[in-house]
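K.L.:
Chains as they are written, first to last, in this note's numbering: chain U, 22 to 492; chain X, 22 to 492.
Quick caveat, the hints were computed from the structure, so don't treat them as lab data.
It cannot be assumed that every hint is accurate.
[Unchecked claim] So the derived label-pair ranges between C-beta atoms look like this:
#1 136/X <-> 393/U: 48 to 58 Å
#2 296/U <-> 282/X: 53 to 63 Å
#3 393/U <-> 78/X: 44 to 54 Å
#4 275/U <-> 345/X: 44 to 54 Å
#5 90/X <-> 347/U: 11 to 21 Å
#6 133/X <-> 393/U: 18 to 28 Å
#7 300/X <-> 275/U: 51 to 61 Å
#8 142/U <-> 129/X: 34 to 44 Å
#9 391/X <-> 142/U: 50 to 60 Å
[Unchecked claim] Some chain U residues close to chain X (C-beta under 10 Å, calculated; not the full set):
#10 144
#11 147
#12 309
Backbone N, C-alpha and C fix where the C-beta goes; we use that ideal spot for every residue, glycine too.
2 protein chains.
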Amino acid sequence: MVDNNRPLAPEIGIPQSFEEYRVAQRGRQLEDLKRLLSFASVSADPGQAEEIAACAAWVRDHLERIGLEGVRSFETAGNPIVYGEWLGAGAEAPTVLVYGHYDVQPAGSPSLWTAPPFAPEIRDEAIYARGASDMKGPLFATLCALEALIATGDGLPCNVKFVIEGEEELRADELDRFVAENPTLLAADVMVNADGSFIAPGVPSTAVGLRGMVALELTVRTGEVDLHSGMFGGVAPNALIVMAQLLAGLRSPEGRILVDGFYDEVVGASAAELAEWAELPIDAEAVREQAGTIDLLDGTGSSVLERQWVEPTLDVVGMWGGFQDEGLKTVIPSTAHAKISCRLVPDQEMEPMIERLTTHLREHTPAGAELRIDRTLLGTPPATMSPDHPAVAAAREALAEGFGTEAFVTRLGVSVPVSEIVSRLLGMPTVMLGYSSPTDLLHAPDEHLPLRSFDGGVRTFASFLLRFAAA
Amino acid sequence: MVDNNRPLAPEIGIPQSFEEYRVAQRGRQLEDLKRLLSFASVSADPGQAEEIAACAAWVRDHLERIGLEGVRSFETAGNPIVYGEWLGAGAEAPTVLVYGHYDVQPAGSPSLWTAPPFAPEIRDEAIYARGASDMKGPLFATLCALEALIATGDGLPCNVKFVIEGEEELRADELDRFVAENPTLLAADVMVNADGSFIAPGVPSTAVGLRGMVALELTVRTGEVDLHSGMFGGVAPNALIVMAQLLAGLRSPEGRILVDGFYDEVVGASAAELAEWAELPIDAEAVREQAGTIDLLDGTGSSVLERQWVEPTLDVVGMWGGFQDEGLKTVIPSTAHAKISCRLVPDQEMEPMIERLTTHLREHTPAGAELRIDRTLLGTPPATMSPDHPAVAAAREALAEGFGTEAFVTRLGVSVPVSEIVSRLLGMPTVMLGYSSPTDLLHAPDEHLPLRSFDGGVRTFASFLLRFAAA
């Protein structure tokens with residue numbers, strides 16, 4: 022556990038020359054960011070292939086503009102992966118691999134946006150566009166930091182490699198394949214990922230643990246065809262009721278998961294982590310308000326942060342069957358569908374958890390029903406890095422220096438596939454060093470990044486490189 | 022209770038002249054039926070308004086052709102209602118009101134049909150078309166019987182009125198309004214409805230009880246928006262799980278309904294009825310096979326016929342919410358939907374049953390969820406007629422004579438709104454005197470009516486009029 026009370030090391034902080042360059046170039050850099058945000062690089066939309074290609078080309082050119090070397094665009098079966106490096110610190114110096122993605126979520130209905138989603142504009146001290154916060158803005162902040170460090174020529178003590186993909190929002194397999202095929206190119210001491218969020222607005226944080234995920238699709242069948250409820254009501258099984266009873270039995274009303282052994286391997290948080298989290302300006306009511314829910318679950322009696330970060334979950338993400346239109350059709354449905362997903366935490370492994378789920382579901386399927394379980398949905402193991410890794414201390418100090426406020430080491434409840442990929446294929450830990458806030462409307466209309474988050478991000482990334490190299 | 026062993030009264034049976042006329046005209050009548058079946062009178066399809074109008078006009082003209090008087094087509098806010106009468110038996114003779122409908126269910130995909138649904142053809146001793154069994158074929162059989170009785174001029178001892186609507190498959194309100202506005206026109210001693218099915222193929226039956234129905238639409242809301250399961254999994258309630266738990270708690274796994282007081286008013290069948298039903302060639306395995314289900318429910322421990330006919334039911338007819346497309350979206354849904362319907366039996370009343378359901382559902386809604394209950398779906402009270410009514414004995418004897426085999430007095434599990442309408446508005450009992458079989462593929466592709474059902478229907482309806490007038 023990092024000592025949060027250790028004073029920042031001012032002697033290795035951001036040099037004056039960096040700040041002068043940053044302030045002088047800020048206007049031009051924000052214009053460049055607007056250009057990057059103007060590409061409708063929506064990876065989920067096949068109609069935007071040209072925008073994707075143009076965006077990848079612009080990123081490649083920009084890496085060259087700021088002085089990176091070996092800049093290349095790797096063609097894949099999907100969207101290009103852009104690579105560039107600065108190895109001027111020499112073979113003895115540490116190397117940092119920076120991950121980013123240039124693709125964005127679909128914009129949804131433009132009418133829900135104040136300004137068009139791909140016509141970036143700055144208003145109210147924030148830059149508005151699809152991708153501003155997730156993650157073209159934070160990615161561009163790291164590039165601005167590197168530009169300044171290279172341009173001022175007196176302070177880049179470590180090597181840096183950038184790998185910037187175009188299919189993060191798709192969760193395609195291309196990045197996995199690329200990493201597997203290029204271990205030497207990507208070799209580094211640590212990966213930094215700016216694709217993450219502060220724990221709360223104004224509260225910088227770096228996460229040392231990510232939850233994993235498994236998912237199943239369920240189909241219940243009770244007979245050959247839907248039946249007339251007048252003729253067969255009272256004797257025919259109802260696939261929707263069977264499904265409802267199967268799903269209902271997975272969780273207690275309070276939210277505790279009732280699958281045998283579901284919590285067996287759960288490690289939880291260390292006493293030091295719990296002590297640090299207790300300092301965070303977050304309580305149950307703040308979480309409920311952020312979620313916009315009527316109430317919160319309390320299935321395990323733990324704190325909200327433990328339930329969000331270090332405890333496994335089970336949710337029904339979709340269920341459907343029978344008559345769903347206006348009015349009424351007097352039918353007894355013979356088929357029902359559902360999708361369920363579980364977030365996993367250390368030390369839960371995917372296959373045994375899927376086994377427990379399927380065993381529970383099969384044991385609770387009544388005699389009059391057949392249950393089909395489809396395991397082909399995506400999954401990701403949980404990922405952690407040691408809180409004692411020097412990159413974690415460097416990240417915390419860099420956030421504190423970059424944003425001028427106390428920073429925290431936390432976990433995250435989400436799954437980040439790239440963390441798992443580089444851990445599995447390259448044995449490399451990941452530092453989550455994002456500059457977004459939960460209030461940035463990621464994946465929603467009017468997505469934006471406050472300019473103070475952008476400025477803090479540029480400073481933080483520079484500070485991280487300096488501090489990590491000095492560690 | 023009618024004595025099933027009472028011998029048929031041959032002296033009031035079908036006269037020889039009727040049979041000679043029927044056999045001689047059968048070929049032409051089947052061609053007429055083909056013409057009636059060729060109209061695509063799909064009431065649910067606004068694009069078929071011309072076919073509806075043409076079909077109504079053809080029915081009106083046919084009533085005139087066979088010698089009915091006062092033939093009229095009543096315009097309504099929906100489809101026309103056709104009326105015709107034969108009052109030649111005089112004011113002292115009994116009057117029978119015959120109900121029918123000329124509209125049909127949608128045909129579904131024509132590719133699932135062996136021949137086009139509105140190009141009727143006779144093959145394998147059956148007539149195939151949408152509406153052949155439900156109910157243009159059975160309706161036309163009653164018209165053929167009347168044609169022969171009028172034409173042979175020696176045997177129509179009662180008055181007959183026909184009311185033939187065009188919105189039965191829609192369950193619109195027009196018939197209700199028409200009956201309310203025309204009590205004198207429609208006055209009769211009993212209504213006969215040929216829109217029903219034998220209890221099993223080759224086993225003629227008339228039903229003295231129909232189940233009613235109530236239905237509710239449920240919406241569960243746990244928060245403002247769907248949430249990211251990584252960020253909020255473990256703390257945010259899941260509307261789909263709340264809905265599953267609500268629905269799961271409505272029935273035991275065996276099918277017993279768990280709503281307080283749900284069975285309080287249930288009368289069940291009389292000992293005489295149970296004794297008669299025991300003679301029916303129907304057992305649980307036959308019902309299971311007919312339903313095409315893996316197994317049958319056994320929630321109350323009663324016989325399958327009691328569960329189908331004289332016990333109330335609760336089914337989920339549709340449920341939906343969350344992500345239902347290919348793949349996975351890692352979402353915690355904030356909204357869930359379901360529709361439930363209940364079949365009611367004597368002496369259950371609609372409003373108190375709805376009250377019990379809503380009370381149960383509200384009591385089981387957890388603190389973190391809001392439940393909205395929509396009661397605007399259609400409902401029908403249960404309907405019964407006394408098994409001692411002379412029309413019941415006449416119907417049983419007519420079926421036995423018409424089909425040359427033993428006939429039974431049963432109940433039906435379905436709801437027939439017209440029975441409830443004429444009972445409520447005119448105080449008139451209904452005799453269910455249908456000629457369809459459960460194997461006729463009603464509402465499905467390749468709907469058909471065996472010619473022996475058509476022939477038996479013509480004979481049965483004539484026999485019924487003769488026997489009811491003599492009773």
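K.L.:
Hint by hint, say whether it matches the structure.
P.N.:
Hint-by-hint comparison with the structure:
Here the CB-CB span from residue 136/X to residue 393/U is close to 35 Å, at odds with the stated 48 to 58 Å. In this structure the hint that residue 296/U and residue 282/X lie 53 to 63 Å apart at CB holds, the actual value being about 55 Å. Distance hint for residue 393/U and residue 78/X: a CB-CB separation of about 51 Å, consistent with the stated range 44 to 54 Å. Between residue 275/U and residue 345/X the beta carbons are some 27 Å apart, a value that contradicts the proposed interval 44 to 54 Å.
The hinted window of 11 to 21 Å between residue 90/X and residue 347/U is violated, with their beta carbons roughly 42 Å apart. For residue 133/X and residue 393/U, the hinted distance range of 18 to 28 Å is satisfied, since their beta carbons lie about 24 Å from each other. Hint check: residue 300/X to residue 275/U, Cβ distance near 54 Å, so the stated range 51 to 61 Å holds. Taking 34 to 44 Å as the suggested C-beta distance range, the pair residue 142/U and residue 129/X does not conform, at roughly 52 Å.
At roughly 38 Å, the beta-carbon separation of residue 391/X and residue 142/U lies outside the given 50 to 60 Å, and the hint is violated. A hinted interface residue such as residue 144/U counts as satisfied when its beta carbon comes closer than 10 Å to some beta carbon of chain X; here the least separation is about 24 Å, so the hint is violated. Proximity of residue 147/U to chain X is violated relative to the hint, the smallest CB-CB distance being about 21 Å (cut-off 10 Å). About 8 Å separates the beta-carbon of residue 309/U from the nearest beta-carbon of chain X, less than 10 Å, and the hint is met.
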